[in-house]
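Assemble the complex: chain H is given as a structure, and chain L must be docked to it using the hints.
There are 2 protein chains.
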Amino acid sequence: MQKKNSVFIATSLDGYIADKNGGLEWLDTIPEINQIDTGYDAFIDEIDALLMGRVTFETVCGFDIEWPYKKTVFVLSNSLNELPEKLKDKVQLINGSLSEVLHIIHQKGYKRLYIDGGRLIQSFLKEDLIDEMIITVIPILLGGGTPLFSELSQELEFECKESKLYLEKIVQNRFVRKTQLSQNI
Amino acid sequence: MQKKNSVFIATSLDGYIADKNGGLEWLDTIPEINQIDTGYDAFIDEIDALLMGRVTFETVCGFDIEWPYKKTVFVLSNSLNELPEKLKDKVQLINGSLSEVLHIIHQKGYKRLYIDGGRLIQSFLKEDLIDEMIITVIPILLGGGTPLFSELSQELEFECKESKLYLEKIVQNRFVRKTQLSQNI
Chain H
1 MQKKNSVFIA
11 TSLDGYIADK
21 NGGLEWLDTI
31 PEINQIDTGY
41 DAFIDEIDAL
51 LMGRVTFETV
61 CGFDIEWPYK
71 KTVFVLSNSL
81 NELPEKLKDK
91 VQLINGSLSE
101 VLHIIHQKGY
111 KRLYIDGGRL
121 IQSFLKEDLI
131 DEMIITVIPI
141 LLGGGTPLFS
151 ELSQELEFEC
161 KESKLYLEKI
171 VQNRFVRKTQ
181 LSQNI
Chain L
1 MQKKNSVFIA
11 TSLDGYIADK
21 NGGLEWLDTI
31 PEINQIDTGY
41 DAFIDEIDAL
51 LMGRVTFETV
61 CGFDIEWPYK
71 KTVFVLSNSL
81 NELPEKLKDK
91 VQLINGSLSE
101 VLHIIHQKGY
111 KRLYIDGGRL
121 IQSFLKEDLI
131 DEMIITVIPI
141 LLGGGTPLFS
151 ELSQELEFEC
161 KESKLYLEKI
171 VQNRFVRKTQ
181 LSQNI
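The listed protein sequences derive, respectively, from chains H and L. Heads up, the first sequence is in my numbering, so the first residue is 1 and it goes up one at a time. Heads up, the second sequence is in my numbering, so the first residue is 1 and it goes up one at a time.
Don't take every hint at face value.
One copy or two, either will do: identical chains are not told apart, so a pair holds if it fits within one copy or between any two.
Stated by the list, open to error - Cross-link-like lysine-lysine pairs, in silico, DSSO-like; alpha carbons within 27 angstroms at most:
| # | residue 1 | residue 2 |
| --- | --- | --- |
| 1 | K20 | K178 |
| 2 | K90 | K108 |
| 3 | K88 | K161 |
| 4 | K178 | K164 |
| 5 | K20 | K90 |
| 6 | K71 | K90 |
| 7 | K126 | K20 |
| 8 | K71 | K161 |
Calculated from the structure, these hints are not laboratory results.
Chain H on its own, in the form it takes in the complex:
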């Protein structure tokens, strides 16, 4: 099975993943979106595991909800040593450089990975390790916050392969990294 690192995330129209106060309330600007299928379950079905950073992991743990992931979750952290008892069969701690971490995860048989969390996505992009990004744009200008994208030393070309409009309000675009192969065609 082919290795693939995918992103599935929502941003504001101005490209933020959290508002000026770190808040996520703006994700519910158009609450009807939660009533329809925007492809999240189908996306999860297509991945083997999630990889997230410590901050995202602790944010999810802080939500007053059941553990939301049905696939194995790897948490990349150099500081976290222990997991809550109830998550020990669902979550694995991992550390090292991104290439080391990917090697370990691939060796365990997980090839198609959902890379989640702003900082981890930025780290992956800096090393050109993202193959696909499905970005749902909540059409609000926040005017500041935590950006999805950060500085890069090299430009990275993608291609938009799919675009879906939901409720005539929200757009979801799927960008795929342009490969050397497709660059030569």
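Just chain L now, kept in the frame of chain H:
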């Protein structure tokens, strides 16, 4: 005829309108796009005049091309006093606050305006004066540059009314400002 302020612009996937060096070469990442109709002419047909800032005006004047606009162009500048002779029937200088400028332009009979240039778009957004934005996303991460959007003191809600995929590579989304009326529906 209803007054409307529209934006029609291309950005990188990470939201820049010029790269780290102020360059625009990345707009030609997918040169085939120049061979197809992406709605620019139809958009121009629907407007009465353009309004741009001095920097954008001087950039266009610096291109080695014929004057590209078939509609009247207003150039907002507090420093520019004179226009090149050959542009005097095509371009009008204007100055003042945005509300003053809009009042003058509307009085002249131009209601549907194409607001162009990064700084002017940002100024319009700061005063919540943009009704519609047609944004063509060139799917490249530049990793830095001149952003389309800037800090805002208030959040602004839009709705994505249309999404078009070109060549399975480039996506164009049309965002319309959510009005008080639609907020009450």
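Here is how each hint holds up against the structure:
no.	hint	in the structure
1	K20 <-> K178	between (33 angstroms within a copy, 21 angstroms between copies)
2	K90 <-> K108	within (15 angstroms within a copy, 67 angstroms between copies)
3	K88 <-> K161	neither (38 angstroms within a copy, 45 angstroms between copies)
4	K178 <-> K164	both (20 angstroms within a copy, 20 angstroms between copies)
5	K20 <-> K90	neither (32 angstroms within a copy, 43 angstroms between copies)
6	K71 <-> K90	within (8 angstroms within a copy, 62 angstroms between copies)
7	K126 <-> K20	both (24 angstroms within a copy, 16 angstroms between copies)
8	K71 <-> K161	within (26 angstroms within a copy, 35 angstroms between copies)
Hints 3, 5, counting from the list given before, are not met by this structure.
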